[in-house]
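Hints given; two lone chains; assemble the complex.
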Amino acid sequence: MVNLIKNEWMKIFKRPGTFVMIGILIVSITLVGIIIKAQHNDKDFVQDSNWQQVLQEENNALKQQLAQSRTTMEKQFFKKEIAINDYRIKHDLPSREKYTVWSFVKDSSQLIMLAGLFIIIISAGIVASEFNWGTIKLLLIRPINRTRILLSKYLTVLLYALFLLAILFVFSTTLGAILFGTPEKAIPYLNYYNGQVTEQNIVVHLLIDYGLSSIAMIMLVTMAFMISSVFRNSSLAIGLSLFLLFTGAQFTALLAMKFNWAKYLLFANTDLKQYFEGTPMVEGMTLPFSITMLLIYFAIFQFLAFYVFKKRDVAA
Amino acid sequence: METIVELKDVTKVIKGRTIIDNISFQVNKGEVFGFLGPNGAGKTTTIRMIVGLMGITSGDITIGGSSIKSEFEEAVGHIGAIVENPEMYKFLSGYQNLVHYARMSKGITKEKIRETVELVGLTDRINDKVKTYSLGMRQRLGLAQCLLHEPDVLILDEPTNGLDPAGIREIRDYVRKLAREKNMAVIVSSHLLSEMEMMCDRIGIIQNGRLIDVQHMKEFVNGSEVMYELEVTPSEKALSILRVNYPNASATLSSNGVAVELPKKEIPNIVKVFVQEDIKVFGIKEVAKTLEDRFLEVTSEKGAANRG
Numbered sequence: 001m002v003n004l005i006k007n008e009w010m011k012i013f014k015r016p017g018t019f020v021m022i023g024i025l026i027v028s029i030t031l032v033g034i035i036i037k038a039q040h041n042d043k044d045f046v047q048d049s050n051w052q053q054v055l056q057e058e059n060n061a062l063k064q065q066l067a068q069s070r071t072t073m074e075k076q077f078f079k080k081e082i083a084i085n086d087y088r089i090k091h092d093l094p095s096r097e098k099y100t101v102w103s104f105v106k107d108s109s110q111l112i113m114l115a116g117l118f119i120i121i122i123s124a125g126i127v128a129s130e131f132n133w134g135t136i137k138l139l140l141i142r143p144i145n146r147t148r149i150l151l152s153k154y155l156t157v158l159l160y161a162l163f164l165l166a167i168l169f170v171f172s173t174t175l176g177a178i179l180f181g182t183p184e185k186a187i188p189y190l191n192y193y194n195g196q197v198t199e200q201n202i203v204v205h206l207l208i209d210y211g212l213s214s215i216a217m218i219m220l221v222t223m224a225f226m227i228s229s230v231f232r233n234s235s236l237a238i239g240l241s242l243f244l245l246f247t248g249a250q251f252t253a254l255l256a257m258k259f260n261w262a263k264y265l266l267f268a269n270t271d272l273k274q275y276f277e278g279t280p281m282v283e284g285m286t287l288p289f290s291i292t293m294l295l296i297y298f299a300i301f302q303f304l305a306f307y308v309f310k311k312r313d314v315a316a
Numbered sequence: 001m002e003t004i005v006e007l008k009d010v011t012k013v014i015k016g017r018t019i020i021d022n023i024s025f026q027v028n029k030g031e032v033f034g035f036l037g038p039n040g041a042g043k044t045t046t047i048r049m050i051v052g053l054m055g056i057t058s059g060d061i062t063i064g065g066s067s068i069k070s071e072f073e074e075a076v077g078h079i080g081a082i083v084e085n086p087e088m089y090k091f092l093s094g095y096q097n098l099v100h101y102a103r104m105s106k107g108i109t110k111e112k113i114r115e116t117v118e119l120v121g122l123t124d125r126i127n128d129k130v131k132t133y134s135l136g137m138r139q140r141l142g143l144a145q146c147l148l149h150e151p152d153v154l155i156l157d158e159p160t161n162g163l164d165p166a167g168i169r170e171i172r173d174y175v176r177k178l179a180r181e182k183n184m185a186v187i188v189s190s191h192l193l194s195e196m197e198m199m200c201d202r203i204g205i206i207q208n209g210r211l212i213d214v215q216h217m218k219e220f221v222n223g224s225e226v227m228y229e230l231e232v233t234p235s236e237k238a239l240s241i242l243r244v245n246y247p248n249a250s251a252t253l254s255s256n257g258v259a260v261e262l263p264k265k266e267i268p269n270i271v272k273v274f275v276q277e278d279i280k281v282f283g284i285k286e287v288a289k290t291l292e293d294r295f296l297e298v299t300s301e302k303g304a305a306n307r308g
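In order, the protein sequence lines correspond to chains W and B.
Per the working numbering, residue 1 is the first one in the first sequence, and the count goes up by one each step.
Per the working numbering, residue 1 is the first one in the second sequence, and the count goes up by one each step.
With the rest of the complex left out, here is chain B (with noise of 0.2 angstroms):
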């Protein structure tokens, strides 16, 4: 895999107070990075820096083998992004707007913008002004804005803010198309878990201006061993002989028998002795465990081991 977004050391200080401290990270092609980390936690100004809107005040940013820094032109022309909210020039008509931009990169023909109107599915209202746009298709149209000089990452804050589920899914659906199939390396930040979980290939997970855990997201939400619930009555005798069998897994009460944190060969064992115990055994569930769990657990042990 082809590495595309480099950050390096990079640290941010505002007014005396460190903002990102010392972060680094790859983005490789045609790969889904998400950015993840509570409000406030430095998402947006690191975004922010990887697309030059504000400075670096130590460390590199190289976009495409180009710096940022030094070589801003060559850097940002590979980025197409959506920062926050995707602001456009109300006043003018959806095309206008994208003329507006296209103008600003070099090469961009009439077709290529009737093109990418058509892949956002805005043609109809295009040259309506871009205030009578619903914010779905505000936020259409901003994709629409960053694709026109066909980037090779593609930079989205937030970008399904305020969206409702349909528009949260087109999304989505988009943002996994155009990194496999135009092999773009797409970096997404959120603080919404359950969409990362279903967009990303990769997350880091960022907690006071820290990144602490960068993980491929199966490996990051399976992490640790897999849940079982198992719905048993009498659950109490259930438990006591997970426990007796079982001494180092836990397990515990659940509302419609017992859960239990077990590798998945032991599965068949368990329903043996359940049977021959008398047990009734309705169903067996693996519950795996969501990005949240996973979240909440990281965040708080990093933060605990930071602090400690």
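With the rest of the complex left out, here is chain W (with noise of 0.2 angstroms):
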């Protein structure tokens, strides 16, 4: 299997698309910052010395807006703010911050998009360009069984998405330390889950981000998979997942609206930070709820994809 691995790998590292890949994502992590260092002066930044008296002024607003509110997301959200400010003022954590490295890496996990846009682009191409090669030919009559062959390929490109994650991390971080400096101390991430608000540290708080925002990429570039697999076709494999990339989330936002079976759709569930850090798209929807849907839209398509390549009779 490893070997295998291998020689996607390098199929992948051969061709001078992945590299332009890799410079598109560098760059465009460069001007981000860039274009953040124009904007902020961290020389002028001063922390408000009566920021506690704001908060709870803020607190207080909050307060009437709640009980004023007749929806129950209206009112998770305006409780979730309350108790994290409340936990601030506690525990003399200010909450305007300095911006350091740590905001620098979460804004430009904005980025995981066009990092699932490369990853899809491989993800929709790897199954399909070796029937447009005619490479699928020679590469089935080896002493081993298509399962595995698929197998080494989908995990390939899971090794593609993570190298590509690197790279988006290290490089943000390196990038954001030089330019906006590493803070002094560590200031933790305030996480509200189930009415309580805890410390996490920073930089696990950043990599969870990361995993979270990652699951509808990995959904995408596995019915992207899917499709190159079934119909031997990477142009429709791309232009879907691409397609649904892009809108899936609002479409399934505005049918959420409307119908509770909107619950159902895969965009629904696939992002899990409305658990911790907001709140459900539809109500009534749980983490567990969600995890569940995402195994089985994922089985589906592994099934999908497994089945028709194995039983395939490659012809042309």
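None of these hints come from the bench; they were simulated from the model.
Fair warning: there could be bad hints in the mix.
[Claimed, not checked] PhoX-like mimics (lysine-lysine), calculated; alpha carbons at most 20 angstroms apart, straight line:
1. W:K90 to W:K80
2. B:K131 to W:K14
3. W:K6 to B:K110
4. W:K6 to B:K69
5. B:K90 to W:K14
6. B:K69 to W:K310
7. W:K273 to W:K106
8. B:K69 to W:K311
9. W:K311 to B:K131
10. W:K310 to B:K15
[As the list claims (entries may be wrong)] Here are a few chain W residues that face chain B, going by a calculated C-beta distance under 10 angstroms:
11. L4
12. R70
13. K98
14. G134
15. T135
16. R142
17. R146
18. V204
19. K263
20. K311
[Stated by the list, open to error] Every beta carbon over 10 angstroms from chain B, so not counted as near; a handful from chain W, in silico:
21. L207
22. L236
23. A249
24. E283
Bear in mind that the values here come from a model prediction, so they are computed numbers and not experimental data.
Glycine included, each C-beta is placed from N, C-alpha and C at the ideal position.
Take a look at the structure:
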């Protein structure tokens, strides 16, 4: 299996397109860094001396709103804000923080979308290209069964995803440290879950944030892989997956306002952060529900990909 | 002789159409088996079933005793194959292509790769990208790819498609050599008859998905009586003499004299008769029937029989 993955890795990295992708990713991070640097003027940053009072006033306003609001979703949001503000006052954690390397890493995590785009392109091509090149014939007459060949391809895609995310994380950390400096004392991230506020190490929080943000991408990558394997057509796989990557979430949110069944859609469940930091898209959705839905979608995609690939007569 | 590949009542049905109809044959070690048939007869489909690229609707294929259906990895390990054109990764170098395939079989050393490269005569260009290769070089790289793991069976589907005469000859010599020296079984498919004639020990003729004949090449070509061409004048008189003396032999006028199908031992007698009758004999030539003649004969005979 290691040899098979090595093969796939070689086939990805011997093509110039791969380096263009990595280049674009690095240039994008740099651009984001420069723009943010130009906008922030850190030298003027002074901590408001009576920030506790400001937060207290804010909380009072929030409490009024909470009393007036009707939907549970709104109520939850206000409760969360109040709880976090209370925690800040109690533990002397100012809300306005200096823009540091970690703020930059958090901001540049938006670029996971871009990385996702590239990973989808690789995923969509990894099976379909073998058919286009005609090399599938020589690939499938080795003493290795088709399931293992397809599995090695999928694992390679995951590895490539990990590789791009690592580039994104490491490079934005390095660039952030150079441009914005590291904070003297690590400021913890405040986590609100089930009515409790907890402190979390900022790096751990960012890694979890990356992981959660990648779920939608991994699901789409898996879908692209499935389309690529079933239809042997990389254009279809790329097109459909990218379309969903960019519009899926909004589209589902739109449906979720009207229909309760929207909670069964893939994109209603890909954003697990909604349970930690926000409120669920559709009322009554829970973390276990979303994880179950994700696993079901994942299983369906994989089953289709492997079943069709295994049964296929290689003709062309 | 030891059987290495065996097809047993192999049938392939695609979308209700029977592409391959109940084919059975065996291929032995050390022989070159030709698979002959017009385009669309089912040569490629059969080969794809042997290497496991296509499923088998009913029947079974065993290679070295292992079924391609139930023991795929075991069975396909005996096989090296080029199915149609040898499609390689064009963005990789020849060497990287070979490393790629070497990783997929067990126990292929760097030394073995180097040896194989030398064997097919690509040493000078092996580190160049495949996209810079000529078709002949790609064909040789394809051959290297299927010889890496020292297979017992070599399967070449239309190996000379698109090659120039020198390339065709090279492949042909090579295939014969492998069968002889390494005791490999070679299965070659083609619709080019002359080529098969020079390459194969045995041939199977396939038409409309049916295997209509399997014969040794020599027997196949010389299956009937030998044709002799007699260069004589006057040819009309010679023809009538032949018809009188050998009413059963078919004699016809040819461009320089007459042509007749006779057993060899009758030739001196004929010459004697001709000399007595004052017919000038300039030459006698044995005209071996080409594979093409036989092929057309067999396919039309059996085709007619099957239809009738």
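Evaluation of the provided hints:
Straight-line distance between C-alpha atoms of K90 of chain W and K80 of chain W comes to about 15 angstroms, which keeps the hinted pair within the 20 angstroms bound. Restraint check: the Cα-Cα separation between K131 of chain B and K14 of chain W comes to about 13 angstroms, which is no more than 20 angstroms; the hinted pair holds. Only pairs whose Cα atoms come within 20 angstroms are accepted, and K6 of chain W paired with K110 of chain B is accepted, the gap being roughly 16 angstroms. Under the criterion of a C-alpha separation no larger than 20 angstroms, the hint pairing K6 of chain W with K69 of chain B is inconsistent with the structure, at around 28 angstroms.
Using a Cα cut-off of 20 angstroms, the hinted pair K90 of chain B and K14 of chain W holds, with the two alpha carbons roughly 10 angstroms apart. Among the hinted pairs, K69 of chain B with K310 of chain W is consistent with the structure: their alpha-carbon atoms are about 12 angstroms apart, no more than 20 angstroms. For the given pair, K273 of chain W sits about 14 angstroms from K106 of chain W by alpha-carbon distance, which is consistent with the 20 angstroms threshold. Simply put, K69 of chain B and K311 of chain W have alpha-carbon atoms about 12 angstroms apart, close enough for the 20 angstroms limit, and the pair holds.
A distance of roughly 32 angstroms separates the Cα atoms of K311 of chain W and K131 of chain B; the hinted pair therefore is violated under the 20 angstroms criterion. Annotation: proposed proximity of K310 of chain W to K15 of chain B holds, straight-line Cα distance about 18 angstroms (limit 20 angstroms). At its closest, the beta carbon of L4 of chain W sits 7 angstroms from a beta carbon of chain B; the interface hint therefore holds under the 10 angstroms criterion. Evaluation of the R70 of chain W hint against chain B yields a violated restraint, the C-beta minimum of about 60 angstroms exceeding 10 angstroms.
Given hint, K98 of chain W at the interface with chain B, is violated; its Cβ is 48 angstroms from that chain's nearest Cβ, farther than 10 angstroms. Evaluation of the G134 of chain W hint against chain B yields a held restraint, the C-beta minimum of about 3 angstroms falling below 10 angstroms. Below 10 angstroms, beta-carbon pairs count as interface contacts, and T135 of chain W has one with chain B at about 5 angstroms; its hint therefore holds. With 10 angstroms as the threshold, the beta carbon of R142 of chain W comes within range of chain B, its nearest partner Cβ sitting at about 4 angstroms, so the hint holds.
Nearest Cβ of chain B to the Cβ of R146 of chain W: about 9 angstroms, under the 10 angstroms cut. The hint holds. The criterion of a C-beta within 10 angstroms of any C-beta in chain B is not met by V204 of chain W, whose closest approach is roughly 38 angstroms, and the hint is violated. Evaluation of the K263 of chain W hint against chain B yields a violated restraint, the C-beta minimum of about 41 angstroms exceeding 10 angstroms. Because the beta carbon of K311 of chain W sits about 7 angstroms from the nearest beta carbon in chain B, less than 10 angstroms, this interface hint is met.
Under the 10 angstroms C-beta cut-off, the non-interface status given to L207 of chain W relative to chain B holds; the minimum distance is some 33 angstroms. Against chain B, the non-interface label of L236 of chain W holds: every CB pair exceeds 10 angstroms, the least being about 22 angstroms. Here A249 of chain W stays apart from chain B, with its beta-carbon at least about 35 angstroms from theirs, past the 10 angstroms limit. Consistency note on E283 of chain W: stated as away from chain B, and its beta-carbon is indeed over 10 angstroms from all of that chain's, at 49 angstroms minimum.
Violated hints, listed in ascending order, are 4, 9, 12, 13, 18 and 19; each of the other numbered hints is respected by the structure.
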